[in-house]
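K.L.:
Can you build the whole structure from these sequences, using the hints too?
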Amino acid sequence: MYTSKPIDVHIICDDSAENLLRKRLTLIQRPAYHTRVWFHKPTWQSMVDRVEREGSIKTDHSAGLPGLMKLFIHELLPRNVTKSIFVDTDALLIADPALLWDQFSTLRPTTAIVMASHPDQNAPEWHNASRICSCIMLLDLEKLRDLRMMDSSIYRELGGVKAFSPEAFVTMYGLPGGDGKGKYDNVRLGDQGYWWAIVDHRRDLFEPLKYDFEVTSCLLQTYNIGLGDELITMEEEQKHQIFTKDTPQEGITILPKLLHFNCLHGTARYYEWSGWSDPNDILTKRWGPAMTFHVGYKWIWLNRGRADNPEHTLEMISIPNASFDDQLQLANKQHAQS
Numbered sequence: 003m004y005t006s007k008p009i010d011v012h013i014i015c016d017d018s019a020e021n022l023l024r025k026r027l028t029l030i031q032r033p034a035y036h037t038r039v040w041f042h043k044p045t046w047q048s049m050v051d052r053v054e055r056e057g058s059i060k061t062d063h064s065a066g067l068p069g070l071m072k073l074f075i076h077e078l079l080p081r082n083v084t085k086s087i088f089v090d091t092d093a094l095l096i097a098d099p100a101l102l103w104d105q106f107s108t109l110r111p112t113t114a115i116v117m118a119s120h121p122d123q124n125a126p127e128w129h130n131a132s133r134i135c136s137c138i139m140l141l142d143l144e145k146l147r148d149l150r151m152m153d154s155s156i157y158r159e160l161g162g163v164k165a166f167s168p169e170a171f172v173t174m175y176g177l178p179g180g181d182g183k184g185k186y187d188n189v190r191l192g193d194q195g196y197w198w199a200i201v202d203h204r205r206d207l208f209e210p211l212k213y214d215f216e217v218t219s220c221l222l223q224t225y226n227i228g229l230g231d232e233l234i235t236m237e238e239e240q241k242h243q244i245f246t247k248d249t250p251q252e253g254i255t256i257l258p259k260l261l262h263f264n265c266l267h268g269t270a271r272y273y274e275w276s277g278w279s280d281p282n283d284i285l286t287k288r289w290g291p292a293m294t295f296h297v298g299y300k301w302i303w304l305n306r307g308r309a310d311n312p313e314h315t316l317e318m319i320s321i322p323n324a325s326f327d328d329q330l331q332l333a334n335k336q337h338a339q340s
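Residue numbers 3 to 340, in this note's numbering, belong to the letters of the sequence shown in order.
It is worth saying that the hints were derived from the structure and are not from the lab. By construction, the Cβ of each residue, glycine as well, lies at the ideal position given by its N, Cα and C atoms. Errors might be hidden in some of the hints.
What the hints assert, rightly or not - With a straight-line Cα cutoff of 16 Å, these simulated EDC-like cross-link-like pairs (lysine to aspartate or glutamate) come out: (1) Lys287 <-> Asp231; (2) Lys85 <-> Glu144; (3) Lys259 <-> Asp214; (4) Lys72 <-> Asp16; (5) Lys241 <-> Glu252; (6) Lys145 <-> Glu209; (7) Lys335 <-> Glu159; (8) Lys185 <-> Asp62; (9) Lys183 <-> Glu54; (10) Lys185 <-> Asp51; (11) Lys7 <-> Asp98; (12) Lys185 <-> Glu54; (13) Lys43 <-> Asp17; (14) Lys25 <-> Glu317; (15) Lys7 <-> Asp104; (16) Lys43 <-> Glu20; (17) Lys185 <-> Glu169; (18) Lys259 <-> Asp90; (19) Lys85 <-> Asp148; (20) Lys212 <-> Asp248; (21) Lys85 <-> Asp104; (22) Lys183 <-> Glu169; (23) Lys43 <-> Asp16; (24) Lys247 <-> Asp122; (25) Lys164 <-> Asp148; (26) Lys259 <-> Asp104; (27) Lys85 <-> Asp10; (28) Lys241 <-> Asp231.
What the hints assert, rightly or not - Label-pair distances were calculated between CB atoms; the ranges are: (29) Gly182 <-> Lys287: 46 to 52 Å; (30) Gly180 <-> Arg26: 44 to 50 Å; (31) Asp310 <-> Gly230: 38 to 44 Å; (32) Asp148 <-> Gln339: 19 to 25 Å; (33) Ser276 <-> Leu332: 46 to 52 Å; (34) Ile302 <-> Ala19: 18 to 24 Å; (35) Lys85 <-> Ser18: 26 to 32 Å.
P.N.:
Right, here's the structure in full:
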């Protein structure tokens with residue numbers, strides 16, 4: 003809706019999700035900028051097998067097995083995709099995504115992972131995994147591949163660079179299964195618990211994301227920011243902010259660019275949350291009109307390009323049975339030896 007540049011969108015999903023999205027995207031026949039959408043569709047069994055090849059991770063989170071795939075984005079997207087922005091499905095851009103992409107140009111040469119950092123949060127029962135949020139991430143996929151973030155029995159067979167996540171997991175959670183022979187049963191918040199171990203152990207790879215890009219309704223009450231008071235100054239806005247003390251955002255005014263409607267319990271789709279119909283709910287007061295506008299925005303209104311301009315087109319590419327990079331590396335080696 004807000005992009006100012008051509009855009010590539012990679013969606014890791016199943017057939018039903020692709021069908022739902024294609025029905026909507028087909029309505030866009032002349033976008034303002036060239037748009038390409040890939041549907042990467044690993045089978046359920048291939049996801050099970052990849053987790054088994056890693057050997058130690060499992061989850062009790064509601065996102066289940068698909069949620070763990072956030073740890074393998076660098077393996078599921080092709081190698082010619084070197085960087086990516088990851089956005090949870092309950093998040094909503096309200097500004098140009100190029101502003102988020104431009105954050106890559108500000109990073110240290112060693113940085114591979116960027117996500118919101120909340121060092122003020124304290125939750126020992128989660129091993130303090132709420133000190134980050136893996137809901138919005140900037141990922142240098144090339145670095146994560148070269149460094150081998152996630153382990154695999156195939157990588158161990160192929161040799162070469164040793165995966166770095168196993169050491170991170172052991173450092174934070176101990177041996178998997180307690181004896182090194184099982185799987186982790188003490189990691190909470192799904193993939194985020196594993197990401198937390200990774201970035202806490204490898205701080206050289208991590209930088210915090212501005213809260214502008216992760217205005218969250220979970221725990222942090224959207225930092226007490228919302229619509230209204232259009233003439234407020236930067237200084238006055240900053241005074242109203244909450245949950246920024248002792249964080250990377252302290253003393254810096256949050257200027258919302260992405261809304262994250264998470265922890266709206268009792269509904270599978272954030273826009274169907276019952277609280278939106280309650281005019282007294284604080285989240286509804288702050289952001290209800292924004293949610294209503296974006297959810298109600300017609301897909302055909304995205305036909306902003308010129309019909310005679312070949313650049314004003316949308317392409318969709320489907321990749322069934324998407325493979326993981328460890329499998330591809332093994333296949334390449336076998337091919338080279340044949």
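K.L.:
Work down the list of hints and note, for each, if the structure agrees.
P.N.:
Each hint, compared with the structure:
no.	hint	in the structure
1	Lys287 <-> Asp231	13 Å, holds
2	Lys85 <-> Glu144	7 Å, holds
3	Lys259 <-> Asp214	5 Å, holds
4	Lys72 <-> Asp16	15 Å, holds
5	Lys241 <-> Glu252	11 Å, holds
6	Lys145 <-> Glu209	14 Å, holds
7	Lys335 <-> Glu159	11 Å, holds
8	Lys185 <-> Asp62	12 Å, holds
9	Lys183 <-> Glu54	13 Å, holds
10	Lys185 <-> Asp51	14 Å, holds
11	Lys7 <-> Asp98	9 Å, holds
12	Lys185 <-> Glu54	10 Å, holds
13	Lys43 <-> Asp17	7 Å, holds
14	Lys25 <-> Glu317	13 Å, holds
15	Lys7 <-> Asp104	12 Å, holds
16	Lys43 <-> Glu20	9 Å, holds
17	Lys185 <-> Glu169	14 Å, holds
18	Lys259 <-> Asp90	15 Å, holds
19	Lys85 <-> Asp148	13 Å, holds
20	Lys212 <-> Asp248	14 Å, holds
21	Lys85 <-> Asp104	12 Å, holds
22	Lys183 <-> Glu169	15 Å, holds
23	Lys43 <-> Asp16	5 Å, holds
24	Lys247 <-> Asp122	7 Å, holds
25	Lys164 <-> Asp148	10 Å, holds
26	Lys259 <-> Asp104	13 Å, holds
27	Lys85 <-> Asp10	11 Å, holds
28	Lys241 <-> Asp231	14 Å, holds
29	Gly182 <-> Lys287: 46 to 52 Å	51 Å, holds
30	Gly180 <-> Arg26: 44 to 50 Å	47 Å, holds
31	Asp310 <-> Gly230: 38 to 44 Å	42 Å, holds
32	Asp148 <-> Gln339: 19 to 25 Å	23 Å, holds
33	Ser276 <-> Leu332: 46 to 52 Å	49 Å, holds
34	Ile302 <-> Ala19: 18 to 24 Å	21 Å, holds
35	Lys85 <-> Ser18: 26 to 32 Å	29 Å, holds
In the structure shown, no violation is registered for any of the earlier numbered hints.
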